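For reference, the chains in residue letters:
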Amino acid sequence: MNIIIQQLINFLQLGSIYALVAISFSMVYGIAGLVNFAHGSIFGVSMYVLFFVSTLLFKTIKSTWLVYVAALTVACVVTSVVALIMERVAYKPLRNAPKISVVVSSVGVGMVLEYLLLNIAGSRALRMPSLIPKIRINFAGLPIPLYKILIVVIAILAMVILNIVVKKTRLGTAMRAVSQDPVAAGFMGISTSRVISYAFVFGAVLAAIAASLYGTAYSIFSYNVGDSIIWWSFIAAVLGGIGSIRGAVLGGYLIGAISVISPIVLPVSSYKDIVAFAVLIIVLLIKPTGLLGKNESEKI
Amino acid sequence: MALKQSDSVQKSRAVPRLIAVGIIVMCLIALERSHVLSSSVILILDYIGIYSICVIGINLVNGYLGVFSLAHAGYMAVGAYASAIASKYYFTEEWMFPASILIGGLAALIFGIIVAIPSMKVKGDYLAIITLGFTLILQSIFQNMSFVGASQGMNDIPKFTNIYWIFGCLLLSIYVVTTLINSKFGRSINAIREDQTAAMLVSVNVKRIKITVFAISAFLIGISGALISHLLAYTSPAAYGFSNIVEGLIMVYLGGVGSITGAIFGSAAWQLIIQLFKDFGTWRWVIGGSMLCIIMVILPKGVFGYKEIGGVVRDLLQKVRDYRVKRKESDNV
Numbered sequence: 001m002n003i004i005i006q007q008l009i010n011f012l013q014l015g016s017i018y019a020l021v022a023i024s025f026s027m028v029y030g031i032a033g034l035v036n037f038a039h040g041s042i043f044g045v046s047m048y049v050l051f052f053v054s055t056l057l058f059k060t061i062k063s064t065w066l067v068y069v070a071a072l073t074v075a076c077v078v079t080s081v082v083a084l085i086m087e088r089v090a091y092k093p094l095r096n097a098p099k100i101s102v103v104v105s106s107v108g109v110g111m112v113l114e115y116l117l118l119n120i121a122g123s124r125a126l127r128m129p130s131l132i133p134k135i136r137i138n139f140a141g142l143p144i145p146l147y148k149i150l151i152v153v154i155a156i157l158a159m160v161i162l163n164i165v166v167k168k169t170r171l172g173t174a175m176r177a178v179s180q181d182p183v184a185a186g187f188m189g190i191s192t193s194r195v196i197s198y199a200f201v202f203g204a205v206l207a208a209i210a211a212s213l214y215g216t217a218y219s220i221f222s223y224n225v226g227d228s229i230i231w232w233s234f235i236a237a238v239l240g241g242i243g244s245i246r247g248a249v250l251g252g253y254l255i256g257a258i259s260v261i262s263p264i265v266l267p268v269s270s271y272k273d274i275v276a277f278a279v280l281i282i283v284l285l286i287k288p289t290g291l292l293g294k295n296e297s298e299k300i
Numbered sequence: 301m302a303l304k305q306s307d308s309v310q311k312s313r314a315v316p317r318l319i320a321v322g323i324i325v326m327c328l329i330a331l332e333r334s335h336v337l338s339s340s341v342i343l344i345l346d347y348i349g350i351y352s353i354c355v356i357g358i359n360l361v362n363g364y365l366g367v368f369s370l371a372h373a374g375y376m377a378v379g380a381y382a383s384a385i386a387s388k389y390y391f392t393e394e395w396m397f398p399a400s401i402l403i404g405g406l407a408a409l410i411f412g413i414i415v416a417i418p419s420m421k422v423k424g425d426y427l428a429i430i431t432l433g434f435t436l437i438l439q440s441i442f443q444n445m446s447f448v449g450a451s452q453g454m455n456d457i458p459k460f461t462n463i464y465w466i467f468g469c470l471l472l473s474i475y476v477v478t479t480l481i482n483s484k485f486g487r488s489i490n491a492i493r494e495d496q497t498a499a500m501l502v503s504v505n506v507k508r509i510k511i512t513v514f515a516i517s518a519f520l521i522g523i524s525g526a527l528i529s530h531l532l533a534y535t536s537p538a539a540y541g542f543s544n545i546v547e548g549l550i551m552v553y554l555g556g557v558g559s560i561t562g563a564i565f566g567s568a569a570w571q572l573i574i575q576l577f578k579d580f581g582t583w584r585w586v587i588g589g590s591m592l593c594i595i596m597v598i599l600p601k602g603v604f605g606y607k608e609i610g611g612v613v614r615d616l617l618q619k620v621r622d623y624r625v626k627r628k629e630s631d632n633v
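Taken in sequence, the protein lines are chains V and U.
For the first sequence, our numbering gives the first residue as 1, with consecutive numbering after it.
For the second sequence, our numbering gives the first residue as 301, with consecutive numbering after it.
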């Protein structure tokens, strides 16, 4: 019973983080029509900003929550600026070029960011100070790690806020319009270029929030932390139907479930990759646009 | 595009091509025998040759067929492992090396056919992720197979690869791919890339052609894997993961898709960047990444996108001639 609850909480925690990154990945894809391979490096940058700011602040401020909010704010601002610069320098000049050139350009940007991190911060693994107090409570004789539940709550809160922004505000309407048809959106007086910039900012902020949760949950990280996260959330986004927010959430939790369950059932832990990909390939062969994806023309 | 030439034009080019090949072979022998080049330069040439074969293979699917595939690291791994097992246990003599290269290529070819099956139904990013999954599943299998050394990889593979084998294979693959692309088969590939439905309507056998192209591409990439494992004398699953996928993509799109000149240029340029900036340590990846962005922004189709060197030179000469004529006219006025 105890193990089941522990694993359930682990699944929710991992699934929420994957879902959050998958949404941020999927948003940029849906609006800018671009598989942004540099997104993993954005995640890595926010990890390092969070680490440096929080270790600096912990020397003077004792309140964990205050440090968390401050570090997260700084991380959001820095990653947004990085994402905006990236968009302006490497993607905007390629707006009318073949889609694949933008993808390759994003590979280049990702490489630059990742190895800049390596050169500036070094290759050794770092330990993130816990940004959310690691409280455990006993509930009916079972030790429940409260911080893991808090991670899930924060992630879900971020998703709900994002959903409200996309569904209810003027900006969200503009975003949905651009994602449906950029040319027609332009005719309606929407500045496509600005909406795409906003999409990159949203993606960066979500990545920063996800990084703060990931750092609290797993603490050890190094310069290439973004690599595996981004591939898994890419897979999650595709599994759910890329470009759709609900699909990204569903895919994220599915990948989380596979990652938690398969090591228990299977003898070797690294078989979880095989299981995840097998599920993905079967889903795509039955429904070629993902679980919740719409049928539309290819974007690459 | 140089794809609409009739067969007679093709035949008339055979002699100059043969001469070019002869000159390249002579140069290689002269360079290697005279010991003008240090062994590190020879090694760079080896890498350029091997990756050129690999990139020509990737180019067949990603460029000519226009399918965004990420399976190349998987094919390369299969080729490397299959040929390594072959020459370690069965073909242990040096003169049997072609057999183990062939086994590497054929093993990869089988996987190429397997990957071709989902490409009939799934498109775009979804296919990209399936091919990525294929690569990572293979990597994970090699990591867990104790027969091939699990995550430690295989050591003591005989060092059969030398510069002659590499450039021999390269010339052969260039010959095969150019002949293929300039034939009726090649025109069918172009038709599928431009519009699959339209190609089907003019009775192009899409299924057969896609499977064949995937198979040939996998075969070439498998050969490059076989060569690299016999060059380094070891092979490990870590070498065939994300970094290999990304490097392959860079070389293809740097040189430009749909072009053999581009494939060779891309792999040469990237290997030179990597090897020449070795003193910069990890900063060379920053340099390489930013160069990639700059080239993409200036030339979105890559340096030789759907162009061959002959065409580029001809266009340039034509431009010079036009310029001269124009200047003469203005002088006369």
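Calculated from the structure, these hints are not laboratory results.
No experiment lies behind these values; they were computed from the predicted model shown.
Please note that a few of the clues may not be correct.
[As the list claims (entries may be wrong)] In silico SDA-like cross-links for lysine to any residue, where the CA-CA straight-line distance does not exceed 25 Å:
no., chain 1, residue 1, chain 2, residue 2
1, V, LYS99, U, PHE580
2, U, LYS423, V, LEU291
3, U, LYS423, V, ALA278
Results for each hint:
no., hint, verdict
1, V:LYS99 with U:PHE580, "violated, 32 Å"
2, U:LYS423 with V:LEU291, "holds, 15 Å"
3, U:LYS423 with V:ALA278, "holds, 18 Å"
The earlier numbered hint that this structure contradicts is number 1, and it is the only one.
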